[in-house]
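Chemist: Chain by chain, the residues:
2 protein chains.
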Amino acid sequence: MDDKILLAHGSGGKLQQQLINEVFLPAFDNSVLNRMEDQASLVLPPGRAAFTTDSYVVNPLFFPGGDIGRLAVCGTVNDLAVGGSKPLYLSAGFIIEEGLPVGILRDIAFSMKKAADEAGVLIVTGDTKVVEKGHADQLFINTAGIGVTPDQISIRASSAQPGDAVLVSGYIGDHEIAVMLAREGIQLKSPIKSDAVPLNGMIQVLLSAVPDVRIMRDPTRGGLATTLNELAQSSQVTIKIFEKDLPVKDEVASACEIFGFDPLYLANEGKVIVIVPQRQAKTALQALQTHHYGQQAAIIGEVTKDQPGKVYLETKIGGMRIVDMMAGGQLPRIC
Amino acid sequence: MDDKILLAHGSGGKLQQQLINEVFLPAFDNSVLNRMEDQASLVLPPGRAAFTTDSYVVNPLFFPGGDIGRLAVCGTVNDLAVGGSKPLYLSAGFIIEEGLPVGILRDIAFSMKKAADEAGVLIVTGDTKVVEKGHADQLFINTAGIGVTPDQISIRASSAQPGDAVLVSGYIGDHEIAVMLAREGIQLKSPIKSDAVPLNGMIQVLLSAVPDVRIMRDPTRGGLATTLNELAQSSQVTIKIFEKDLPVKDEVASACEIFGFDPLYLANEGKVIVIVPQRQAKTALQALQTHHYGQQAAIIGEVTKDQPGKVYLETKIGGMRIVDMMAGGQLPRIC
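Top to bottom, those sequences are chains A and B. Residue numbering for the first sequence follows the working numbering, beginning at 1264 and increasing consecutively. Residue numbering for the second sequence follows the working numbering, beginning at 1264 and increasing consecutively.
Just so you know, the hints here were simulated from the structure itself, not pulled from any lab data. Wrong hints could be hidden among the right ones.
The list makes no distinction among identical chains, and a pair is therefore deemed to hold if it is satisfied within one copy or across any two copies.
Think about it this way: if two alpha-carbon atoms lie no more than 30 angstroms apart in a straight line, the pair counts; the simulated DSSO-like pairs of lysine-lysine are [as the list claims (entries may be wrong)]:
hint	residue 1	residue 2
1	Lys1545	Lys1456
2	Lys1267	Lys1396
3	Lys1349	Lys1545
Computed from a predicted structure; not experimentally measured.
Could you build all of it, start to finish, from the sequences and the hints given here?
Modeler: Okay, here's the thing in structure tokens:
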């Protein structure tokens, strides 16, 4: 097999078939995909179907703790899981820049498989396009995902109520700082790793303990601040968080100081914001903490009704400030 | 709203919300999408679920008869329909090059909606990413689609049997020639238009008339020749087609002569190859021809068992030649 991707690998002919047979089928290997029809045929369990998509353009392709393939699987799995769905099947669409080494594509495909295995999902259908050198940046991946939501689950961004508690499942900001440092070629003694993980296992534990979770959302692009603003607006409530309770690693806090970032706006790829009735806050916290992806979970705030649609931060020294949605962007192409 | 796409339109913050509110929601407008959750919640009718994806990188974005948005809807609808599924829901992922005029994105979104309306599908979930100028080429779109296949339908690439008839639903090659001429800036007196259309309506008519269709496949990249080879290999049969019966427009045949293309390898975006038992060939033909997208349908060949996996063409002067899969590519980025 040629060791670099050629335009003809995307033209639908022999070379494309070879690429599929030598890279994608061995990596994703499952009986649905292996039938190689134009569409995957699936038997879904009872419940509502959930459907989501994300494209991934992260730069660089590999970074401490992950790569674009792991991100493409975890991100879409998490978008299903935060709706209370059980993620089942993924599609994968690859847009490749001519000249990409085939070995890189193979490594990324196997990384996708590894993440899919951990999440318990199958990659059942896919597509490959190749564009001329200079018309893309190495590799972009789109994944779409199908899950099934049990009938009794009803999780909506509009469900927060005054008196509810706000939790986050662990340290914030790791992903964006890891990608930023990798992009700039900065190596630390103890590197900050991306938190890119599939959250469906932990969320299952949470939902078993607290079936009436009101809201779950993963604070990806735009960070905790932007996601909380979306929730405050959707639910027409105030969300107040406490700076002292926010889980931020010392290394991430230091990097933020050096580079002028605010951890509240940093993207995460393995965290979930959880809003539950106050009386269940401790049960939810304990459930999250029993899972290895939720060990640093914390109760970080509360829902009130003073200023519908607004988010406030009580600072460590007791001041209060409005936390707005992200206006511009801290860093492009973090996912 | 700024008139060009900025990096911040992809960063998850205020500008992204504005782009969604001012471009995508007005275009795609439907109750599932408008809920703006991280995942669409769907109630699927009974049957097996079908799931497919394609990315679209066509250059130029607009061409006679279509645009990248129309293509992105029709292509994915057709990949579901040729499996005998009823297409229901699409996702849409946009990868945008910084600097793209917002008006172009809006036109393409409305073109997607128009095609989706014709196909009777809803665009229910989406994603937007923006990459720096020079790191993509204006716009790439991924769509994934969900359909439902009635339990009695069983259409597989491995189902062709000796004695079956091979049909195609109309003129071949229009799409690739239309895109090629648009890319080169060549204008003809009577322009050749892309055939990009949703085929699910016509296929429904066909399946009502001939429920035991053995195979349907849309000959997109790689053209009729490559798709027939895939089917001959999957079914382990010989497929023999007759040059005199192939529907090719005079203008397309002329363009092929001038530019050195073979119509058998040209991509189509609104045609389907149909294989049926010989005794149902005429019924299938008539069913296709009653639909406006199948008026030029023709019986073009037959399935035999002489050389499993091979495709032959009987030329107009009575010669016989092997038709291989496409080896390289005729033209990159045709879809």
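Chemist: Work down the list of hints and note, for each, if the structure agrees.
Modeler: For each hint, the structure was consulted:
1. Lys1545 with Lys1456: within (28 angstroms within a copy, 64 angstroms between copies)
2. Lys1267 with Lys1396: Answer is both: 12 angstroms inside a copy and 24 angstroms across each meet the 30 angstroms cutoff.
3. Lys1349 with Lys1545: Result: close within a single copy only, 24 angstroms intra versus 46 angstroms inter.
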